[in-house]
Structure formats: C-alpha cells, structure tokens
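Kindly generate the complete structure, drawing on both the sequences and the hints.
First to last, the sequence lines map onto chains A and B. For the first sequence, my numbering puts the final residue at 563, and the numbers step up evenly by one. For the second sequence, my numbering puts the final residue at 563, and the numbers step up evenly by one.
I should point out that these hints are in silico values taken from the structure, not numbers from a laboratory.
Note: identical chains are not told apart, hence a pair may lie in one copy or across any two.
Listed below are the simulated DSSO-like cross-link pairs for lysine-lysine, each with C-alpha atoms no more than 30 Å apart in a straight line:
hint, residue 1, residue 2
1, Lys553, Lys273
2, Lys86, Lys363
3, Lys150, Lys387
4, Lys363, Lys457
5, Lys529, Lys517
6, Lys532, Lys517
If you're wondering where the values come from, they're calculated on a predicted model, not measured in any experiment.
Number of protein chains: 2
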Amino acid sequence: MSAEGRRGGRSARRAERTSSAIRSLPALRRKIPVYEVLNAEGLEMIHDASLRILEEIGIDFRDEESLAIWREAGADIRGERVHIPRDLLMSLAGKAPPVFTMNARNPERSTDVGGDSMTFGPTYGSPFVRMFDNERRYGTLDDLAIFHKLAHMAPALHNTGAVTCEPTDSPVSRRHLHITASAIRLSDKPFMGPVTSPERAQDAIDMAGLVMGEEFVKNNAVMVSIMNCNSPLVWDETMLGALKVYARGGQASILAPFTLAGANTPASTVATVASLNAEALAAIAFAQAVQPGARVIYGNFLSTVSMKSGAPMTGNSECALMNFMIGQLARKYNVPWRSSGMITGSKIMDAQAAYESAFNMMPILLAGANYIMHTAGWTEAGLTANLSKFMLDAEQMEMLHKMGQGPSFDDFDEAMDAIREVGPAGHFFGTSHTQNHFQNAFFMSELADNNSFEQWEIDGSKDMTKRGFDAAEKALKDYVQPTLDPAIDEAITAFITKREEQIPAAFQ
Amino acid sequence: MSAEGRRGGRSARRAERTSSAIRSLPALRRKIPVYEVLNAEGLEMIHDASLRILEEIGIDFRDEESLAIWREAGADIRGERVHIPRDLLMSLAGKAPPVFTMNARNPERSTDVGGDSMTFGPTYGSPFVRMFDNERRYGTLDDLAIFHKLAHMAPALHNTGAVTCEPTDSPVSRRHLHITASAIRLSDKPFMGPVTSPERAQDAIDMAGLVMGEEFVKNNAVMVSIMNCNSPLVWDETMLGALKVYARGGQASILAPFTLAGANTPASTVATVASLNAEALAAIAFAQAVQPGARVIYGNFLSTVSMKSGAPMTGNSECALMNFMIGQLARKYNVPWRSSGMITGSKIMDAQAAYESAFNMMPILLAGANYIMHTAGWTEAGLTANLSKFMLDAEQMEMLHKMGQGPSFDDFDEAMDAIREVGPAGHFFGTSHTQNHFQNAFFMSELADNNSFEQWEIDGSKDMTKRGFDAAEKALKDYVQPTLDPAIDEAITAFITKREEQIPAAFQ
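Set out below in structure tokens:
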C-alpha cells in the first residue's frame, strides 16, 4: 500500500484540515501584577506637567471643524492652537469607556479591549517585505494575503491587523478597499481600519457593515484604527478626519503620539512621557467632544533617537521605562492603552532583531498594555515586514500569553506528593503528577531548537531565521479559509467594483 | 606628514592606551522596584512546603564529615539522609550575612553582593568555543585568555568569571592553577574559584593570598565559587568538600540547585521552586553549621525540560515566573541570591539565542538578583562559549545596567522648559536641555545597527553576529594588561611550578 493510500489520499487530508478548527488563544486575561516604576509623587508630577502643557503651551489641531468642536466645548482657541483647561480636559477624557468589546465576524474571536485584557496583533504599515527568499522588495497584495492567512492561523495573534505590508501593486487611492477585503475574507479575527482619509475610513465601515450588518456596526466596535500625533503637539487634518469618522461611526481609535524621544521630545524619559501624555489626553478628550463615549485607546509609539546618528532606537532601557510609566498613566485615566511590542531597527531577522524585540516586549507584558500592535514581523524600524520574524515572534507571543497567566497552585498538593514519592536522587518523568500535567506545565517552542548539537547538525544546521521561513511555508499548506457567506463575499466584490468606478486609480 | 606621524606613532598610541583607564561601571545599585509575582499567601505556601520537604522527606548529604556536622548541629540523620527541623534550619540560615563585599585586587572593582546591589558576570564552564572563525571546537588556554581579557574590558561585567571555557589543552588535574592565574593576571576584577576538589579550592585560596595577602584573604571574600546540588535533594561529596574549604577560608559560595524542571522536579513551577528552595536552604544552613557567618549566595540554575524531547529549555514563561518567585524567597530569608542571565539552548548566535537570552534576563533584572552569572557568551545550554555573543550580551548588560537606575527627575524642570521653548511642530536637537543631557539620556548601542538600509548595505550588510566577532577583534587590539607587581607575578609562577611537581598530569 502506498504512503498516499495509507493516509487516505488527498481528499481525506483536505477533509481533515477543513474540519479541524484552528488553534486559537483567547485574549490574555492578565493574572500577574503590573510593574510600576513611578511612585505616586512621580506619577502626579508627570500628570501635572502634561496638564500644564495643554493649558499653557497649547496643542495644534489643524482642522477647521475640529477647532470649532473645541471652541464649542469651551477650550481657548488662538489660531490653530488649542489651550485646554484641566477641568475641561479631564471631564471630557472621563467619558471614554474603560473597556469595550472588539467584535470579530466570528464571535469566538471577539475580545475585550481594556482592563486586564491584553491582545496581540501583527506588524502594520511596512512598504517592504522579506518573504521566502529573504530578499527585500516592495510588498504586494499577494504578500499581504500571506500575512493575513498566517495571522488567522497564529494562536496568540488576536487580530489580523490590516496593512501588514503595503500592497504597492494596488493604487494608493483604492488600496484600502483591497486591504480591508483581504482581512475580512482570509481571517475571521478582528481587523484594523484605514486612516489616510475620511472617505477611506467610511469605506471600511461600509464594508464591515456588509459582513456584520450596518446596524450592528453602528453600535459596536468591529475595527480599531490608528491615528498618530505629529509630535510635538500637532494633530493634523488627515488624522482628525479619520478620527471623526470612526468616533461618529462607533469604531475604536488609537490616539498615538509618535515619539522619537530626543528629536520630537526632550532628551529625558519623564519629560518625554509628560509630552506624549499631553498629546494623547488632548486627543482622547477631543474624541469625547466629537462623540461622548467614543471608544478610544491611549496610544503610543516609542523610540529613542541616537544622538550620534539620528537613527531611531528601540528595545532599550528608556523604552522599557517609558512603557512602564505610560501604563501607570493610562490606568490613572482608566482608559485602554496600546503599545508596540516586537519592534527593532535591524534590517534582517538576526540577533539584534530578537534582542530588541524581546527587551521591548517583556516590559510591555509586565506593564499590562491592552492592545499591543507590531507583535509579529516588524523589522527595519517598520519599513520591512519579515515573514520569518512574523512566525518566530508570533510563537514568542504564545510564550508570553502563558506567562501572563502566572503560576498555578491548583496542582500544588499533587506535585508535593510527587516530591515525596520520588525522594532524593530520582526523576519525575514517571510520576502520576507529571503524566497528568506535563502538557500544560511548561511552554514548549516548536521553532526553538534545543536538541543536541549533533541532532541539530543532522537536521541541517539551520539558524532560527531559516526555521521561521520554513514554518511559514508549512503553515500556509495547512491554511483553510474561514467560511464566509457567498452572498457577503459577492457584496464585497460589488462594493469594491462600485467604489473603483468612483475613485480614480492613483499611485501617489 | 604621514598618518603615523600625525598621530605621534606607535609609542604615543601605546602610551595613550596605557594611560587611559578602561571604561567600567560599578555594581548596579538598583533604583527600580522589584517585581513580585506571589502574594503573601503564595510565598508562605512555598516556604512551608520547602520546610516540610526537609523535615519529612529529608535531603542527602553524601559526605561523612558533613553528616557529622549536621548531627552535631542537631539534625536527625538516617544513613545519608538528613531531616532538618524547621527551627534549626531557619536559625542556622539566619546566620548568613545579607550583604558582603566581593574584593577585587583593584579595590575600584570591588562590589557588594546582596541588598540592592546587582553584579553581572560572564558565562562559565563551556567545553566548546566558537571564536573568530565561528567554528565549534574544544576550548584552550589561549581562548580562555581572550575571554578573560574581554571580561576585563567589558564595562558592565563586574567579574572575570573563571572557566569561561574549559582549557582542554591543560590537564584536568592542573587546570585550575592556570585558570586562576589567567583570571588574576589578565583582569583586575573579582574572579571565581574552582570546586572540583577541596585541594583545588585550597590552591585558589593560596594563589589569591599571593596577590592580596594571606591575612586579607582569610578575613575577606576575594572569590565566589559555585556548588550545584544534584537535584532532587542530593548534595554530593565533591561539592560539599569545596564548600567546606571555602566556608572555612572566608570565601563566598553559591549554593545552587541545578533545576531541569519536569525532570528533576515536578512539572509545576511552584512545586519546582518549593523543591529547589529546600535544597538551597539546606545548604545555606549547612554552611553556617560549618562556619557561622559564612558568606553564601542563594543559588539557582533554572531550565525547564521539553516533555517532547527531554531537551532543556530556557528564556521562557516558566523560567521567568520561577525567577520572580526565587527572588521573593531570597529576600524573605535576607540572603544574597544568584541567577543565570543570558542563557539559551541555541547552538549558534542567532535569533533564538537572543530571544531566549533577553526573555530570560529581563525578568531577572526586575526580580533584583544580586549575583548574575552567564550574562555574556553562553550558548548551547552552556556547552559552547560564543565569542560574538560574549561581546553582544555584554553590551546588552550595559543597557540593563542603565535601566536598573530608573528614570531621573533631576532635569525635569529644565526639560519642561525645552517643551515650552520648542512648542508645537518643532524639534529638540538645538535646545540647551538636549545639549546638556543628550549623552546620558538614552542608551546608545554600538553593536546594534539602526542606520538606514542603504547605509547598512554600504557597511557590508553584516548581521549582528558578524559585528560581534568584529567587535571582539577590535577590543583585543586595545587591550592593556592591568598592572601587577612583578614579584607577585613571579610568586604565582613559582606556586604553579611547585604544585605541578606535586600533581600528576591527568586529562580525565
């Protein structure tokens, strides 16, 4: 009998794949304490400094309607400069919900955002990719489809993201339609929305309505979008345009100062945090002025800048300390907060990429961030989405997901009995405790190689980066597209066709 | 004028090198809080379970004199099995000093061990090396010399270690003489002592006496040595032999359960910690029975074991959680504690090596370990000392040293003035605050490449591992041997000659 015959042939294998649900971890419910680096006095000093920035220096909102909204709310407007009295600021910010549900088209993949819930998402926005051949080139829709499929399959990724790589073969003006359709079709996890214009934001909301119902989308968050502040202290028209659409449309917005500490903030961690905190608070309050109760996430993107080369740096002491501080502030304001996890300046998936990603991510886990972007695939300060790193990072996030659940005393008595049974000089493999608990006791990486040197040589002396690319190839063979009602699928196609007739193709 | 002439020629450069002190960081005085994962009840449960292990199961001390010491102290001895009543155990353990000074031959390199002091040391005990050609082979005395020189030069390494790699070209029976001489001559930092027999331990003490004075060595710790427990619950004759010599000789001992969690402990983090805590406490108490006030360090070496392959694993969720717990226990007992930092099962310096090292080390920093071994160069579960990783890890430890000092509010007002001065949409490079503070504001790695892709290509498209080897080569060119009184140098040579006449060469 042939090997093929024994296994039942191609159709049997396909049936098995289709029937088996993907392995999927829920949002991490953090059971370990948060780590805090500031005492109460330090926290208050930063908070107060942020309020003084907004009262005394002010912040620019470069959008007429936004200025009108601020004026109406009671802020002091001078040109584009908005001065926000602290009572007004805190009263508006206090309207933001501390926790909200992020709804997926498959309700099993919906998650909470906020409180003790932590979710992990892939990298976002890279123009370049390194795919199977590890060569750096511009990304395409096909590359994006690969990332969306792998995000769907990665157990510890709680959303599909959106523009994991820029699909540069699609016109900029129409790209958001194809990115959104790809995320909706290839994965049933929550996804992210476009922010490059109000119209594009509305298109994404309309497409989500086709899948989940217009009425549902009006009343429930089905996507998260990210608006960056032009630090220092400028919110621009594009970001404000998207924010207004999403806030009014019931969708969630990350309001994220983009920090190059030392360049667009002072060369000081605490003053940097005071500055970015002012920016985030101003936008959180603004969103509430647009739509009371708007679902917002206190955002941040942190890097420090080399005072020798001007290059952004991450995975270092100051990024760790600032993440701890920001977590404390977000909890003080009782809003969900977002950070950026497995990030690096390395051009490739090498030791630098792993050091920086790990040294950046571990503090974020312990700081208790709620919505963590860039936890898989980021390299080159975000310029390249790396396929190997996507797989490797995603597995490390499974490890951190396990860590966040903390130690368990549930089987403590049984384990102590095993110590008694084995006594000095024995081993524990055969004890009933081990037999009962080995599967969940310790995290076991599939992509790390902990075998002997000799076995590793027999297996081809592969470094971890090679194993990451191999793992991506293997995973894609097992990919099964999640079910989508054919009528919905057709409606998405029809929507894109209609919109493409209305939107001229533009590559810039 | 030639380039050589402009710079003053070889002798001028040599003078400059000789005159310039090496860059060196003191022991980290931790200013950030410790992270604790156990509440008071959990901590008490583990503590109590450890005491019950020693009372009810007992622990083997496989050495006649040690059993006699225990009997004399009041323990219940049955064969080699020692049952230790909790009052006896805690009263003995309470005699251990909470903090002691680790003296270097250069007093500027002496450090505290314990309290809020944290020191970092290189990898220890690898039979294999990967040096400049990145080929795996047995280590030699020449390789060891390279590691000792680089440890001397590494700013964040606070000791030279000892047997960074095994010098396999030196007979086992005489090897300790050459290892100790190399550490003494090539570096002026504290070093570690041999533990493979009581005689070898005594040789190291005698050699230290030649350098620092016999009387001084009798009364002050000048080396730390490491004794591993044969877990579960066995202290063997070799380790006890060395421990007795060092305890009586005033020298410091790390008493370290060697944990392969799931193999020599139960498949449970909390029960594993209860078991290793019993082992460590028994040895701490024993050392005090040998010599009240003996300088000891609560030790541990942590790995988990893959239930699929039996391979040891590190840098994972369970190692992190166990490090946090052990830190809490050591503080409860008020003794210094040791952990193992930048460790990995990877055979090479790749992404796995960096992920595992970083994910292992960051929790140890936050757990506040006092004496951290294996913070530079460890690969292959300790079997290979990797020269590139030595350089790269050592630099990451500088980063963590900076992180441990926490955020500074000293220049907060000045930085807030800069925010006022720049206002919205500016940049901070030109502010007086930046000019005054940029040098110490952010950690700047020399070995990470955060330049543009194009610049990185121009620089040879090197991965970080290549840069690590290059950095080792460059550093060695700048190495200057620390001054040692020629009479002492001769005395060391004479001592080795005398002992080699007494000790037959044996390679096994």
